[in-house]
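Chains as they are written, first to last, in UniProt numbering: chain A, 1 to 244; chain B, 1 to 394.
Simulated DEER-style distance windows between Cβ atoms: (1) A/Ser66 with B/Lys289: 26 to 34 Å; (2) B/Ala285 with A/Arg67: 22 to 30 Å; (3) A/Pro156 with B/Arg61: 53 to 61 Å.
Simulated from the structure, these hints should not be mistaken for laboratory data.
This one's a predicted model, so the numbers in the text were calculated from it and none came from an experiment.
C-beta atoms are modelled at their ideal positions from N, C-alpha and C, and glycine is treated no differently.
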Amino acid sequence: MEFTPHLKRKRSSCKEVLKLAPFPLRDDGQRYKGAFNGLCVEVVDAQHAPIRTLHDNGCYGKGSASRGGPVSGEADETLLLGLEEACLLGYYLGVLEIRDMLGNELSWQAYVQAALDYDRQFIYKLASYLYLKSKNWIIKSGIKFGGDFLIYKQGPRQYHASFLVLVQVSGDAMHTHYVAKNLKGVQRVAETSDKDVLILRLNQLNDDFDPALCTPASLQSLTIEETVIRRFNYTSFVQSKQKQ
Amino acid sequence: MSCAPANVIVIKPKTEYLSAAELIAQRHAEAETPHNGLKRTSIEGSAAEQEELKNAYANLRHRLSARRIERQAGRAIAVWRQDQQAVEVLRKDGKFESFGYSQQGKFYLEYYEALFLLELNRLQLEYCDMIVSVEQAYVLLLGEAASDKYNNYLVYSALSRAGYIVVKHQAACPAAQTTSTSLVTSEDCIWALLEEALGNKPVPAHIKASISYNATQARMAELKQQIISQTSASPDENRMESDLQSNFKFETRKRRAQSEPQEGTASKKANTSSKSLVDNLKAEASYAKFQQIFEKLDIVQLQSADYDSDKDARLRSFKISFDLHMHNDGFRRSAPKAPTFSVVILPPGEPFPTHNEILKCQRQQQLAEHTAPLLIISVSESKQIQAFIYYISC
Chain A
1 MEFTPHLKRK RSSCKEVLKL APFPLRDDGQ RYKGAFNGLC VEVVDAQHAP
51 IRTLHDNGCY GKGSASRGGP VSGEADETLL LGLEEACLLG YYLGVLEIRD
101 MLGNELSWQA YVQAALDYDR QFIYKLASYL YLKSKNWIIK SGIKFGGDFL
151 IYKQGPRQYH ASFLVLVQVS GDAMHTHYVA KNLKGVQRVA ETSDKDVLIL
201 RLNQLNDDFD PALCTPASLQ SLTIEETVIR RFNYTSFVQS KQKQ
Chain B
1 MSCAPANVIV IKPKTEYLSA AELIAQRHAE AETPHNGLKR TSIEGSAAEQ
51 EELKNAYANL RHRLSARRIE RQAGRAIAVW RQDQQAVEVL RKDGKFESFG
101 YSQQGKFYLE YYEALFLLEL NRLQLEYCDM IVSVEQAYVL LLGEAASDKY
151 NNYLVYSALS RAGYIVVKHQ AACPAAQTTS TSLVTSEDCI WALLEEALGN
201 KPVPAHIKAS ISYNATQARM AELKQQIISQ TSASPDENRM ESDLQSNFKF
251 ETRKRRAQSE PQEGTASKKA NTSSKSLVDN LKAEASYAKF QQIFEKLDIV
301 QLQSADYDSD KDARLRSFKI SFDLHMHNDG FRRSAPKAPT FSVVILPPGE
351 PFPTHNEILK CQRQQQLAEH TAPLLIISVS ESKQIQAFIY YISC
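Put together the whole structure using the sequences plus the hints.
Set out below in structure tokens:
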């Protein structure tokens, strides 16, 4: 059976999106300024680098006073970037400057260390994030559906999320994602809004891969396996076949 | 004794007979288990709970031991052979095409088939010249010790009632039809691929093994991509060339080696390059516009297709229990076609198979002549069954 993902357009989709890009690249070399506060990277609005553009081009972050993008109109609204998003913008695209709370610029190494303190699996999630990003998906946090990411075609304003992504690390042989109760639970939640559950499992090609010591390029020693598990209604399948 | 008393003799029958109205009323007695309140998940151990449980069991027993009435006509007769642990059919009644198996001139039923027919009142099972009750049949056929037989029966029964022909999985027979491979044209391959994509029919082994299969598959995938993305053919061809070289090492895979003729390297491409499930947005205009950046981010790769699942000892092996056929597909036991699905039963408490475990199962399946998509059927603790289909990158 061939697999086709659910791509469901939102009804109230606006047309203004056409000129927006998947990456907030800048011609003038100006960088956004973000501060890592232990949970996320907070970007303040600035005249030369408005946070609005960061959100519009690729849907990065969430407004601190809004449900989605920074649209509340409050003067002190900031944009909160997830750890993976900030890492992509800061160290792969180079459009974001990440500082710690004291104002010192964080190197890749220091950032990874700080992120690992917050989330032990940060590197694997980052690898999954990059993997999906390189395939043109818009990626948002999946926490409201009990997963790691939600991925969208074009963006949450145009499409419903197509997948709820769960990241699994190969280290644990029998991961809790595969426990029947958990899998069925997450599946039901995803299914009510026409999403598939996508499990990304990361394998390490060499055993000496150390998340704390990795570099932006050394992620290539990780490989990924994709699994989508769909519930199957065997009764309606047989009935639809009999009608033919 | 010749001079019998002149009084009237009253015959008292040992058995009581029901009136016609009673017969009809008892034939279709419907019973529902009482529902009381929310589902509770932990045991309290209180006296009130004990009492409630006792009542619930008594009620259940009462329901189950109620007399049921069925017609006696239309039953096949079978006998339980204790020494062989098998059900031998003595007299068939009705259609038996999708049931049973023959051995040494005798016709036998599998335990789940016998129980299913018994529950449908199409079989009269006898043991020691007595008719076996449904309750006794459960013990005889499923055994008293806990086993996976009950799960198998549940799945068999549910799928049969849903309208599938459920037969025991035909084990792998490596004898492939090597002779017919030369007769397969690329046209056959196209039809087989179309049927696979649209009609959910697996590609027959002899077509898969043919020389033109892989080339046709690659060409069709390429054309499909072109239609989706509306691009010209030339960049695709370049990419194919480079893929070709990087994937060349996968040539050595042992799968289907015995029946595989020598083939050109071009035909290998589609079969061995890794296939992702979420690649479809690459055809978008925004991807082409920012292609360089997207490619820069393409650091983590999909697990390559030459991953050898047989060597990984940590992987569990899943057994395929049943094959499913459709009623209107012209199923015949004597000439089995490729099934619509193969069923793997997941007992309660068993975690779902992972990517590589499914891959392992599929590869073992490919040794057989007929392959079908796997249906994972999970039996929950409360004996509810639910089916799942896996889609994996490979």
